[in-house]
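S.K.: As a plain string of letters, each chain reads:
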Amino acid sequence: AQSVTQLGSHVSVSEGALVLLRCNYSSSVPPYLFWYVQYPNQGLQLLLKYTSAATLVKGINGFEAEFKKSETSFHLTKPSAHMSDAAEYFCAAYRRSQGNLIFGKGTKLSVKP
Amino acid sequence: SAVISQKPSRDICQRGTSLTIQCQVDSQVTMMFWYRQQPGQSLTLIATANQGSEATYESGFVIDKFPISRPNLTFSTLTVSNMSPEDSSIYLCNTGSNTEAFFGQGTRLTVV
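Sequences listed follow chains P and X, in order. As numbered in the working numbering, the first sequence has no gaps in its residue numbers, which increase by one up to the final residue, 113. As numbered in the working numbering, the second sequence has no gaps in its residue numbers, which increase by one up to the final residue, 112.
Chain P on its own, in the form it takes in the complex (with noise of 0.2 Å):
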């Protein structure tokens, strides 16, 4: 079945630190794969996406990641941090058989002054 793992319930980093969310997904295809942001009390916003166009994807706030096909990877990164990056994020894989999204337990990001 298809699944995404999250690596770490929770990353701090300090303000200015490079940020990076893990991502793994198992599929026997390739996916079409999701990272969202939810802030305190907010819905779902989209960051990024890949859909099998470039593998490096730009998404809002100056987050990106990288899809590595050799290690089923999907990792979200971010230079430097800001305290306003402070928020729960998941990453999610379009399940093709249902047409819904799966999505990982989520990592909280902390961000230190």
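Subject to a maximum C-alpha distance of 27 Å in a straight line, what follows is the list of computed BS3-like cross-link-like pairs (lysine-lysine):
1) P:105 <-> X:65
2) P:105 <-> X:7
3) P:68 <-> P:105
4) P:108 <-> P:69
5) P:108 <-> P:68
6) P:58 <-> P:68
Everything labelled a hint here was simulated from the structure, so no lab data went into it.
Could you slot chain X onto chain P? The hints should help.
M.R.: Below, chain X without anything else, positioned relative to chain P:
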């Protein structure tokens, strides 16, 4: 693209009662999905709402507890029946494709 209007945005309900959540899409869509997000958890698919047929439920979710209607291609409802505090969650409806996903604003349900 699609815009989904979901209501209510939040509710506090007594245990043993039922709540019906509505989602209206501004265009016709084939597939609509209902998700649950328990406190501090990720999103879990409850069911796929099919127009003209019964909903398809994921493992662990049953029709008696979460009846779903899909009367046309722009509207769906999810009912949370005989609620208990464990049903306190955010419920979201969703539609989309392999390259796009659209979510309702969510319904924050608290059962007391």
